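Asks: Could you put the whole structure together from the sequences, leaning on the hints where they help?
Numbering that gives the first Met the number 0 numbers the first residue of the sequence shown as 0 and each following residue consecutively.
Take the hints with a grain of salt, since some may be wrong.
Once the Cα atoms are required to be at most 25 Å apart in a straight line, the calculated SDA-like pairs of lysine to any residue come out as [claimed, not checked]: (1) 47 with 13; (2) 70 with 60; (3) 70 with 12.
Quick list of the computed label-pair ranges, beta carbon to beta carbon [to be verified]: (4) 73 with 11: 19 to 27 Å; (5) 3 with 61: 22 to 30 Å; (6) 70 with 22: 35 to 43 Å; (7) 47 with 73: 34 to 42 Å; (8) 72 with 38: 30 to 38 Å; (9) 13 with 66: 16 to 24 Å; (10) 11 with 69: 19 to 27 Å; (11) 46 with 76: 31 to 39 Å; (12) 9 with 66: 22 to 30 Å.
Don't read these hints as lab results, they were simulated from the structure.
Computed from a prediction, not measured in an experiment: that's the story for all the values here.
The beta-carbon is built from N, C-alpha and C at its ideal position, and this holds for glycine as well.
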Amino acid sequence: MDSISRPLRIYSDNSAAAFMAKNNKSGSRSKHIDIKYLAIRERVEEGKVVIEHISTELMLADPLTKGMPLKNFKDHVARMGIGPMM
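Replies: Printed below as a string of C-alpha cells:
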C-alpha cells in the first residue's frame, strides 16, 4: 500500500455524492445512507481521500459498467489506449 500516492483520488460523475462526501450536511432524503458510506466522509475529513467530480464523458470505467452507444464506446476505448476496435 505504500506505493499508493496520498491522498487517494476518487473520481465520480455523481456531483451529489461528491458534495455529500465533502460536506457534513444531510437532509430527509439522505438519512438512509449506510454507515459504511459515512466512513468515506471521515477519510475525506482526515485528508486521506479526495473526491473529485468529473463529467460522464471523462469517466473511463463507463464501458465496463454500463451499455452505451457505439460511438461513445469507441471514444472511451480510444481514451483508454486499448487500440482500434471494430
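Asks: Are the hints correct? Go through all of them and say.
Replies: Hint-by-hint comparison with the structure:
{"no.": "1", "hint": "47 with 13", "result": "holds, 20 Å"}
{"no.": "2", "hint": "70 with 60", "result": "holds, 15 Å"}
{"no.": "3", "hint": "70 with 12", "result": "holds, 20 Å"}
{"no.": "4", "hint": "73 with 11: 19 to 27 Å", "result": "holds, 24 Å"}
{"no.": "5", "hint": "3 with 61: 22 to 30 Å", "result": "holds, 23 Å"}
{"no.": "6", "hint": "70 with 22: 35 to 43 Å", "result": "holds, 36 Å"}
{"no.": "7", "hint": "47 with 73: 34 to 42 Å", "result": "holds, 36 Å"}
{"no.": "8", "hint": "72 with 38: 30 to 38 Å", "result": "holds, 34 Å"}
{"no.": "9", "hint": "13 with 66: 16 to 24 Å", "result": "holds, 18 Å"}
{"no.": "10", "hint": "11 with 69: 19 to 27 Å", "result": "holds, 25 Å"}
{"no.": "11", "hint": "46 with 76: 31 to 39 Å", "result": "holds, 35 Å"}
{"no.": "12", "hint": "9 with 66: 22 to 30 Å", "result": "holds, 24 Å"}
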